[in-house]
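Listed in order, the protein sequences are those of chains A and S. Heads up: the first sequence is residues 124 to 374, going by my numbering. Heads up: the second sequence is residues 6 to 251, going by my numbering.
Every clue listed holds true.
Some but not every residue of chain A turned toward chain S, in silico, with C-beta under 10 Å: (1) Ser193; (2) Lys196; (3) Lys197; (4) Gln198; (5) Ile203; (6) Phe207; (7) Gln208; (8) Gly209; (9) Phe213; (10) Asp214; (11) Gln227; (12) Phe229; (13) Ala270; (14) Phe283; (15) Asp285.
Below, in silico cross-link-like pairs of lysine-lysine (PhoX-like), each with a Cα-Cα straight-line distance of 25 Å or less: (16) A:Lys239 <-> S:Lys28; (17) A:Lys141 <-> A:Lys336; (18) A:Lys196 <-> S:Lys24; (19) A:Lys196 <-> S:Lys25; (20) S:Lys28 <-> A:Lys280; (21) A:Lys239 <-> A:Lys280; (22) S:Lys28 <-> A:Lys234.
Calculated directly from the structure, the hints in this document are not laboratory data. Owing to the predicted nature of the structure, the values given are computational and were not obtained by experimental measurement. For each residue, glycine too, the CB sits at the ideal point set by N, CA and C.
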Amino acid sequence: MIEVTNVCKSFAGREVLKNISHVFEQGKTNLIIGQSGSGKTVLLKSVIGLHAIDSGSISYDGRAFSHMNSTEKKQIRQEIGMVFQGGALFDSSTILENVMFPLQMFSTMTKAEMLKRAHFCLDRVNLVGADSLYPAEASGGMQKRTAIARAIALNPKYLFCDEPNSGLDPITAIVIDKLIREITIDYNITTVVNTHDMNSVMEIGDTVAFIYKGEKWWNGNRHEIINSDNKELNEFVFAGELMKKVKANQE
Amino acid sequence: MNILFHIGRYYALLARAFKKPEKGRIYFSLILREIDSLGINSLGIIFIISVFMGAVITLQTAYNVESPFVPRYLIGLTARDSMILEFSSTVVGLILAGKVGSNIASEIGTMRVTEQIDALEIMGINSAGYLIFPKIIAAVIINPFLNILSIFIGITGGYLAALLTNAVSPEIYIQGLYYAFVPFYIAYSMMKTLVFAFIITSVSAYHGYYVSGGALEIGKASTRAVVYSSILILLTDVIFTQMMLA
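Generate the whole structure from the sequences, applying the supplied hints.
Here it is as structure tokens:
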């Protein structure tokens, strides 16, 4: 469980996060949604410590992450897996080398054990036979799968995904969403997904936090989101024709 | 204020780069890889510029010093000392600032804008140490060898010029190479090379590490890396010369 309490963050005097408090629950896919520029990526990066927060606190299972020094934060970070929007794969390494990288850095495994673990992770994300490809040679979906495989290589307790299906076709996007949900349930980890894709919300949103102009405007789950009477949330959720039809059918 | 900000941030980055590595074995293999990338891959350009520099120094000295009062063996001495004191350390340093410096800045800059550095940090890896430390150590190890090689090739280039053009007889050229040799000049040249290696790698890495934006900014960072490395090399050269040879 990750607890965010009264977090504020400004850039050059512009307040991007305004007093945000939220709990990301273990064993669930916790979604952060909101329009572009609403502050959801800043929130995600603040939670994982890439941005230093101005005030408030962030704790991982009771451990006050935001008040730790860099050495203590390193320990927590080894329990974190992260899937970046663009994959952030090491482009001069092959797919297999990318997945093996965290194992080489932090495990005491032999090379054979590392290979076995890396292949297990690649199998887990249904990426077989692509070991020797470089990221630039792989499709967007393969890159995302590799990023997920790398993120779970060290058995993380916390998984963060920043817009994991952006730039993917709808079918691959659903596959990636389902994969994230399966991994969350199988390993009972705390997963936080940053998205503005309503398909993802309806597919995997166990808990959903809606960020609007830097504030947490609403929270609930994927079932509640359809029937919410929150004006700003409804404008966001029903911006597309598809969701409007879903709403109309439901009514 | 802006300069002070950059100087402060540069030293802070270096402090992070020289923190205890997560896994020594990995860093050792990274250093070996960087020795190959930064040093061995530069052998070609060093060979070409050194041979021509040695030849040109020899020919220019031969054609400009025609006085009967100046012994011809000074041509060999001039070629030798020019290569040792300035060309193989400073000029090669400037060439490497262009080749290696832009390479480092663009490599690290690309990793920054594609969030690969963030990925390292999230994994709990000291990204500055992982990316910068091996480059600095590799350059500091390999560049003195490149310097010695450049001196040898430059002097050989001068000999070839003497042999092929008859600007000076090869025997007299060799006599000049042996004349009034000061071993300290080699130490001076090596010390300059070590400092230049540090400047090239650390300054270029700094400019790459703090890139923000996209491809255009990476290009600008590469240019800045080369310009600032070159200026610092020349400035350090003046200081070293005054301190050690005056």
